[in-house]
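As they're listed, the protein sequences go chains A and B.
Letter 8 of the first sequence, counting from 1, is numbered 8 in the working numbering, and no numbers are missing.
Letter 199 of the second sequence, counting from 1, is numbered 199 in the working numbering, and no numbers are missing.
Since the hints were derived computationally from the structure, they do not count as laboratory data.
There could be a bad hint or two in this list.
Chain B is faced by these chain A residues, among others (derived, beta-carbon under 8 Å) [claimed, not checked]:
{"hint": "1", "residue": "G32"}
{"hint": "2", "residue": "V114"}
{"hint": "3", "residue": "L124"}
{"hint": "4", "residue": "L133"}
{"hint": "5", "residue": "L167"}
{"hint": "6", "residue": "F170"}
{"hint": "7", "residue": "I174"}
{"hint": "8", "residue": "I175"}
{"hint": "9", "residue": "A177"}
{"hint": "10", "residue": "H181"}
Using N, Cα and C, we set each Cβ at its ideal position, and we do this for glycine too.
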Amino acid sequence: MADVRRFLRTWEGLLLALLVVIVLANASTVQGYLQPQNQVNLLTLGIEKAIVALVMAFVIIGGEIDLSVASIMGLAAILFAWAIDQGTAPEIAVLLALGVGLLCGLNNAFWVAVVGLPSLAVTLAGLIGYRGLALMLIEDGSLGGFPDWFETLGQGRLIGPIPFAVLFFFVLLIIAAVVLHRTGFGRLVYVVGNSTAVARFSGVRVSRVKAALFIMSGLVAAAAGLLLAARFGSVRGSIAQGFELDVITIVLFGGVSIFGGRGSMLGVFLSILVILNLRNGLSLLGVSGNSQTGVIGALLILSVLLPNVISDLRRYLARRSLRGATPSDPVPTPGGAT
Amino acid sequence: MTAGPVSIVTSRVRPEQVREASLVVIIALLIVFFATQIDGYLSGTTFTRISASFAIVAVLAVGQTLVVLTRNVDLSVGSIVGLIAYGVGTLLGSFQDLPPVLVIGLCLVLGGVLGAINGVIVSWGRVPAIVTTLGTLAIFRVLLVELSGSKTVTTESLPTWVVDLPRVDLLTIGTLDIRPLVVIALAVAVVFQLGLRYLPFGRRLFAIGSNPDGAQLVGMPVKRDVFLAFTLSGALAGLAGFMFLSRFGNITVAAGLGLELQAVAAVVVGGVNIFGGIGSIGGAVLGAFLIDLLSQSLTRMEAVSEFTRDALLGLLILLAVASDSVILARLRAGWQSARAREMARRETEGAVVG
Chain A
1 MADVRRFLRT
11 WEGLLLALLV
21 VIVLANASTV
31 QGYLQPQNQV
41 NLLTLGIEKA
51 IVALVMAFVI
61 IGGEIDLSVA
71 SIMGLAAILF
81 AWAIDQGTAP
91 EIAVLLALGV
101 GLLCGLNNAF
111 WVAVVGLPSL
121 AVTLAGLIGY
131 RGLALMLIED
141 GSLGGFPDWF
151 ETLGQGRLIG
161 PIPFAVLFFF
171 VLLIIAAVVL
181 HRTGFGRLVY
191 VVGNSTAVAR
201 FSGVRVSRVK
211 AALFIMSGLV
221 AAAAGLLLAA
231 RFGSVRGSIA
241 QGFELDVITI
251 VLFGGVSIFG
261 GRGSMLGVFL
271 SILVILNLRN
281 GLSLLGVSGN
291 SQTGVIGALL
301 ILSVLLPNVI
311 SDLRRYLARR
321 SLRGATPSDP
331 VPTPGGAT
Chain B
1 MTAGPVSIVT
11 SRVRPEQVRE
21 ASLVVIIALL
31 IVFFATQIDG
41 YLSGTTFTRI
51 SASFAIVAVL
61 AVGQTLVVLT
71 RNVDLSVGSI
81 VGLIAYGVGT
91 LLGSFQDLPP
101 VLVIGLCLVL
111 GGVLGAINGV
121 IVSWGRVPAI
131 VTTLGTLAIF
141 RVLLVELSGS
151 KTVTTESLPT
161 WVVDLPRVDL
171 LTIGTLDIRP
181 LVVIALAVAV
191 VFQLGLRYLP
201 FGRRLFAIGS
211 NPDGAQLVGM
221 PVKRDVFLAF
231 TLSGALAGLA
241 GFMFLSRFGN
251 ITVAAGLGLE
261 LQAVAAVVVG
271 GVNIFGGIGS
281 IGGAVLGAFL
291 IDLLSQSLTR
301 MEAVSEFTRD
311 ALLGLLILLA
321 VASDSVILAR
331 LRAGWQSARA
341 REMARRETEG
351 AVVG
């Protein structure tokens with residue numbers, strides 16, 4: 001019982017409570033909300049972002065950021081469509097797309113891990129540059145006409161009502177959770193994210209860990225881009241544009257600290273469910289997609305602001321109640337406040 | 001008293017000035033290169049055109065510099081530009097005869113209020129700037145969408161002075177026309193460069209960015225200054241919103257989308273360190289000019305498709321940051337050791353004399 005109470009005090013516990021509230025509210029206003037079909041549908045609509053968010057969590061916990069993921073998604077999807085259009089075998093085209101994601105990841109990794117540039121600047125250059133490469137291929141046109149099996153991959157059901165992308169997401173989620181929380185590499189990511197200097201002095205090969213993060217990010221973003229292309233059935237130059245903001249929002253709302261070193265896969269997973277259920281509920285209520293983004297932006301700010309305000313308030317109250325008795329006593333920090 | 005050649009250089013020139021000088025050289029080389037590739041490139045018309053689109057990003061880059069100097073970032077400026085351009089555009093549609101001073105003042109104040117919201121959340125709410133402005137980027141854009149109800153502001157609904165402003169020739173040198181928007185941008189840059197250099201507030205921004213905890217410990221009003229930096233960035237984004245309205249006239253809900261990335265790119269290319277404490281307005285404005293020169297000129301080159309622009313721009317940003325961190329970091333280290341040697345020399349000389 002004490003464990004349950006302690007869990008509910010954590011960020012993940014709060015997210016779970018929020019998820020329950022949102023799902024109950026939605027279920028009570030919309031008929032058939034809890035049916036598996038609707039749940040799968042709402043997951044499918046944001047699945048590519050959710051997949052990228054899993055890797056972004058590693059990058060941000062490692063103390064870095066990757067703004068270029070959406071452009072890598074776009075570049076991979078467009079390169080795939082372009083290769084098909086040029087008459088390449090689809091299997092080769094898939095490999096090409098994954099390869100370009102790997103290359104983009106390697107490029108980011110080189111500048112951040114080897115040269116030592118700030119990842120915000122490097123991946124901002126990537127955000128503009130990779131999208132630029134994609135635009136050179138597709139210009140202002142659109143490409144489609146993918147093979148049937150590829151479109152089935154994105155649109156069809158694989159097991160029962162579950163499409164391939166959702167299955168892929170869950171497999172990746174389990175791998176990510178195990179790697180982050182149960183392996184040496186996962187611990188290294190936390191160590192590097194907490195303090196690069198401490199990690200270096202402890203003999204951690206910091207640049208290797210960081211390089212691995214960006215390479216993973218590039219590869220997974222490319223895979224997500226392919227899934228997006230499969231689901232849409234055609235690609236344009238603007239495919240996946242602006243997704244990086246949604247992905248980062250998911251990760252930060254999941255309790256991962258922007259300064260690195262803190263966060264959990266459970267938090268990220270719950271954050272994905274909360275955001276997708278919230279979006280689904282809002283659109284069932286007739287709120288437009290744009291306004292949903294605003295609600296999520298507000299949630300993002302509040303998720304950091306509220307704990308700060310509450311801890312400030314507690315400290316203020318504690319100080320005031322102490323002032324009468326012994327003014328010089330140090331103020332005790334209330335439980336749970338950071 | 002013989003000072004070595006190194007110390008003469010180090011006492012007269014700062015690393016930032018080397019950076020600005022190298023940007024000027026790169027810009028000059030690019031202009032020479034494009035002149036050999038494009039017929040009739042070296043005419044005033046080219047630069048009149050560049051100055052028109054450069055002005056808006058330059059104003060945003062000035063505001064962004066203030067914020068980035070304090071080790072923060074403002075990603076919400078694109079949405080502020082859109083919101084102000086739309087809001088004030090709608091207002092002007094109903095009240096045609098508002099005096100120009102009032103209109104521009106209103107843009108500054110409204111933008112400042114939006115920037116102040118960011119500032120309060122970052123300074124007193126202790127929410128990281130990237131989280132805050134990522135959130136307000138979305139929120140301000142939604143406000144615009146909701147307010148507009150997907151209606152647009154059209155050129156016809158605006159008073160003529162607003163629409164004509166970007167086309168007035170203040171000064172004509174040959175075929176080069178100096179127009180009001182670029183004059184506004186340069187005036188803003190000069191005012192803020194002087195402020196950064198000579199006002200205590202400006203100096204504090206550098207101190208805060210170099211070492212936030214240290215600045216707090218020596219008693220600087222860190223929270224208030226960061227709040228002010230965000231407010232000023234918002235106000236300048238409001239001004240940029242007016243310039244946007246004046247230049248384009250037709251304002252949709254997508255107005256200003258992505259401008260924040262251009263502003264950050266300009267600042268980074270201009271040598272403002274993304275971790276704060278280092279940089280100058282002059283560099284940021286030169287960065288904005290370089291980016292605009294490149295994108296405007298590439299679209300005119302026949303051998304190059306206009307779609308290569310962004311790929312090259314990405315490469316440019318990467319090279320700018322790389323050269324900044326590799327070359328300038330060494331220069332700066334050299335500067336410091338030269339300074340230290342100079343001071344040690346003076347001290348020993350002083351000891352001999354005294």
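So, against the hints stated earlier in the document, which numbers end up violated here? Of the numbered hints, 1, 2, 5, 6, 7, 8, 9 and 10 do not hold.
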